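**Student:** Sequence:
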Amino acid sequence: YEGVELGKEGQVGLITYMRTDSVRIAPEGLAELDEYLKENYSSDYLLKTHRHFKMKKGAQDAHEAIRPTSVMRTPEKMASWLKPEQLKLYSLIWKRYVASQMAEARYKVVTIDVDVNDNLLQASGTTMVFDGFTSLYAISREEDEPAEIDTDGKQKLPPVEEGEKLQLCQISGEQNFTAPPPRYSESSLIKTLEKEGIGRPSTYATIVDTIQQRRYVHKTEGRLQPSDSAFVVNHILETCFADIINPGFTASMENSLDRIEEGEVDWVHVLSDFYEPFLKDLKRAEAEIDRVQIPSDMNCEKCGQKMVVRLGRSGKFLACSAYPACKSTINIPEEILLFANGVPKGPMAIAALLEQFGTEEKGDSEPIDEKCDKCGSAMHIRTGRFGRFIACTNYPECKNTRPIVKDIGVACPKSGCNGKMLEKKSKRGRLFYGCSNYPECDLTTWAKPTGELCPECGAPLVWHSTKKAGKYIKCSGKGCKYKIVPEGIENDEQEE
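Quick note: the sequence shown, position 282, residue 284 per the working numbering, numbers continuous.
It is worth saying that the hints were derived from the structure and are not from the lab. You may find that some hints are simply not true.
Derived pair list, reagent style DSSO-like, types lysine-lysine, alpha-carbon separation capped at 27 Å [claimed, not checked]: (1) K376 - K450; (2) K221 - K56; (3) K304 - K329; (4) K450 - K79; (5) K90 - K79; (6) K426 - K476; (7) K408 - K376; (8) K480 - K450; (9) K282 - K90; (10) K10 - K50; (11) K56 - K40; (12) K85 - K193; (13) K97 - K193; (14) K329 - K401; (15) K97 - K40; (16) K221 - K58; (17) K282 - K329; (18) K426 - K450; (19) K416 - K483; (20) K422 - K373; (21) K10 - K85; (22) K97 - K10; (23) K422 - K347; (24) K282 - K347; (25) K193 - K221; (26) K40 - K90; (27) K427 - K221; (28) K422 - K10; (29) K373 - K401; (30) K450 - K422; (31) K10 - K110.
Everything numeric in this text was worked out from a predicted model, so none of it was measured.
Start from the sequences, fold in the hints, and give me the full structure.
**Tutor:** See the structure below:
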C-alpha cells in the first residue's frame, strides 16, 4: 500500500487501502479487470454482468475493497521486485480479485458402483466439467486435507465409463482419533475476532501484532502458542474484570461507538455507564493483585537464598529473593509452561524442569564491534518487547540504548550537515526518516527524502505517488506546492 520500488517507475503502491472490510470495487477497477480478462481468457470464462457482493452489517465503506491498483501488474511481473512473503500476499490479493469476476467452476456429482465378486462397493464424489475461476490457481487446502478431497468435502473422482474394469492398486486402513481443536493461526484468529464483532479491519493487524510483541503468544509452525504471561494476565482479568473481557462487552461497546458516531446516543451517557462499574473493579483489583512472585525449590548460586519465579517484560525468570542485595537471575525457557492451570499459591518445583530443558542466561544477546559512547563498554544487540535494539553490556550500571536503523543511501540535505538519512520508527510504530546526526540535526520527513532541498522554500524534497499522477517529487514544506517529475519516470497523466 505504501509503495514498492519498481525500477524506473519508482515507488509504486501495489494495492489499495488495506484497512477496510468493504467489498465494493470502483468502476475504473472493474473496467481494467474486464480488459485483462478479455485479453487473457476465452468468452467461457467471462461474466455477462459484473458480480457484486452484499455488504455485511456494520461494514465501513469509506474505502473500496482491497485490490491491486493495477491488475496488469501480475504476480509474475512483480516477482523480481518483491520479497517472498510480499509476493505470496500480493498473489493472494491479485488472484482473489481476478477470480471474483470470473465464471464459476462446474462439477458433476458422480456415484460409482463397483461390482466385486457379487459385493457392491460405492464411491461418491464430483468430477470437474469446467474449471472456471479455478484455472487461475490451485485451490489451497488445509494441511491435513488429502489432495483427492475437494474443498466442499467431496472426493474428486476420475472420469469412468459404464462397464469399465478397474484394477485394484492397494487396500489401506486408517485409524482416526478425536483431536482437540487446532490452535489459532493469525488468519483464524482474525476470523474469530470478526465473527465475535471485536475490533475493526483497521485494528485486526494491530491486535495480532500486539499480543506477539508483548509475548502473550509466540508463533510455532504458523500457529499461535500461548505463553505463561498470557495465562497469568488471563487469570487476573477473569478474576477482577470478568465483565470487560467478555466478548459480548467489546462487541456492545463497538456498537455503542457506532451509535455515538451516528448521533443516536449521547457519549457522556455511554461513558458513564461504563466507567462507574469499571472504577469499582479497578479499585478492587488494585487491592487484590500482587506482583507475581512465587517461591521455588531453587537456591541462588551466588548467595544461597531461595529463588522466586517472576514475570518481566521479556518473559518469566528466577530471581534471588534477596534482591536488591543480590541481583542473580536465571531465565526460564518459553517451552516450560508454569501457569497453564492458574497461578499456584505454594512453592513451585522447578529445578527438575530446568534440568530437563536446560537454562538460558538472562538477556541472550548478539555481540557487535562497537563501544558504548557513554562508558566505553562493549555494545550488543538485544531483543525486547518491541523488537531488536542496541544496548550497553554494562547494564544496569549503564542504560545506554539506541534503535537499529536502516541507511537509505541518501545524504542529509541540510546545509552544513554531513549526516545520512535513516529509516526510523516513531513510538507509535509509524515509519519516518531522520538524520543520523540527531539531536544536532533535527531534519525529519514522513515520506522518503530525495536528498535535496526545495528551491522555492528550502524544505526537504520527498518522493510521492498517487493513482492519478503516478510518481513524482514534491516539497514537504507546509503550504508549498512545488513538485517535479524526474527524468526517466513516465506517468500517463499529471495532476493539474
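**Student:** Out of the numbered hints, which ones does the structure contradict?
**Tutor:** 1, 2, 9, 10, 16, 17, 23 and 31
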